[in-house]
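Enquirer: Chain by chain, the residues run as shown.
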Amino acid sequence: MTSSTRVDGADVQLPDGGTASLWNVLDEAGVAPPFGCGTGHCGACTVLVDGVPAPSCVVPAGAVRRAEVNTVSTAVLDELVDALAVEGAVQCGFCSPGMVVTLSWAVRGAAAQERALTDAEVRELLVGHLCRCTGYQAIVAATTATSRSLVSTAPITPA
Amino acid sequence: MTADIHPTSWSRAVDELADPAAVAVAGGTGVQPWLTTTGDTPSALVHLRDIREAWDVETTTDGLRLGAMVAVGHSAFDAWFGDDGAGWFATPAVRRRATVVGNLVSRLGPRELGPVLIAAGAQIRTWSSAAEPGWRSAEHVLREGLPNGALAMQVELCRPERISYRRVSPRSRMSRVEVGLCAAIGPGCGAALMAETGGHAHRVDDADAGLARPNGRADFVASVRHGLAAAFSSNDIGDELMTMVTALAERVHDDLHHGKSL
Chain A
1 MTSSTRVDGA DVQLPDGGTA SLWNVLDEAG VAPPFGCGTG HCGACTVLVD
51 GVPAPSCVVP AGAVRRAEVN TVSTAVLDEL VDALAVEGAV QCGFCSPGMV
101 VTLSWAVRGA AAQERALTDA EVRELLVGHL CRCTGYQAIV AATTATSRSL
151 VSTAPITPA
Chain B
1 MTADIHPTSW SRAVDELADP AAVAVAGGTG VQPWLTTTGD TPSALVHLRD
51 IREAWDVETT TDGLRLGAMV AVGHSAFDAW FGDDGAGWFA TPAVRRRATV
101 VGNLVSRLGP RELGPVLIAA GAQIRTWSSA AEPGWRSAEH VLREGLPNGA
151 LAMQVELCRP ERISYRRVSP RSRMSRVEVG LCAAIGPGCG AALMAETGGH
201 AHRVDDADAG LARPNGRADF VASVRHGLAA AFSSNDIGDE LMTMVTALAE
251 RVHDDLHHGK SL
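Protein chains in written order, with the numbering used here: chain A, 1 to 159; chain B, 1 to 262.
Incorrect hints may have been included.
[As the list claims (entries may be wrong)] Short, incomplete list of chain A residues facing chain B, as computed with Cβ under 8 Å:
(1) Gly-40
(2) Gly-43
(3) Pro-60
(4) Ser-73
(5) Val-76
(6) Gly-93
(7) Phe-94
(8) Leu-125
(9) Gly-128
(10) Ala-145
In case anyone wonders, no lab produced these hints; they're calculated from the structure.
From a predicted model like this one, the values you see are computed outputs, not experimental measurements.
The beta carbon of each residue, even a glycine, is placed where N, CA and C say it ideally should be.
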């Protein structure tokens, strides 16, 4: 029996058995993020699975039956992308799709609680996203600035 | 070709796992990298996610029961590790998928929750087509593995009043534990030691007396050192390892008696 998952709002057929990962499914559908380590540690292939970030390389295809998957195409927060560009937080761009998915999710989550992300929270999220170009500082600055901008009563973060 | 099977009951999952070439999948964070890197093709992947009871978290007066789909990052378990949670375990995203039971029974990767689960007196509820449901100690499962065809359904942990897990790793995050010592105070709790990367965790015998007393640090350290000697042949225990384990034992005891309670 074939089954499907929703990827960026469209039905995508899952393989009828086999050992494919979610990343393989996304690749077949032409919407795959970069493939990095294959063990869930680098974060490059992160997507949202039922609204929660997950490295698609460690998610078995059979585990997303009837799930809602969002790649960077639909999970991204535009304000964050703009801030990353302003801060010069993107260089080679390999890690960016996965990182933007996670950070957009976190910024939205904090905004829903009417608060801004702290530097420490952003750095903790980045534990799962390896970047070999930027040194992370600009990414943290862009994310906290975006987070603050989304709440009306943002706390002042000490310099 | 590997079949994808989605049982909705434990009994159906047990039936499917009677095939020794079938593999159970909970979070998938251990299974999928194994499949990807080895190219192995089990006869079936038996996904546990559609079994409602697999997601259960039961808090009792003296313990905690976690179903096979409960993740390491679940607040009921994560809270044991203080403000940082189980931050030493993989990445935040992996912690939200990797399961406590899966880490313990995995044949595929380092079982770094081992010391924590043994120290918390963990028991694993298993079921196979050859045996009725029953409980096995985490220590036994870590040492012997699950019997062929057995399914791990649930873990039961004692509720520690205080717990400390100190580790030696190349980095504080996302790094294999090389040496680790966990100790917990509370009914049914104790101490456990892991002294080789990706190796087995061993219960530290006779740790209780020194563990419970604020002034019992020397006794606790002695029991841990004795436990290390008992678990490994003397050829494997260099001065450096013994020094490391001694320092961990001192810190764990200090954490338990001068740190925050749960």
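Enquirer: Which hint numbers does the structure go against, in order from smallest to largest?
Expert: As far as the earlier hints go, 4, 5, 6, 7 and 10 are violated by this structure, in ascending order.
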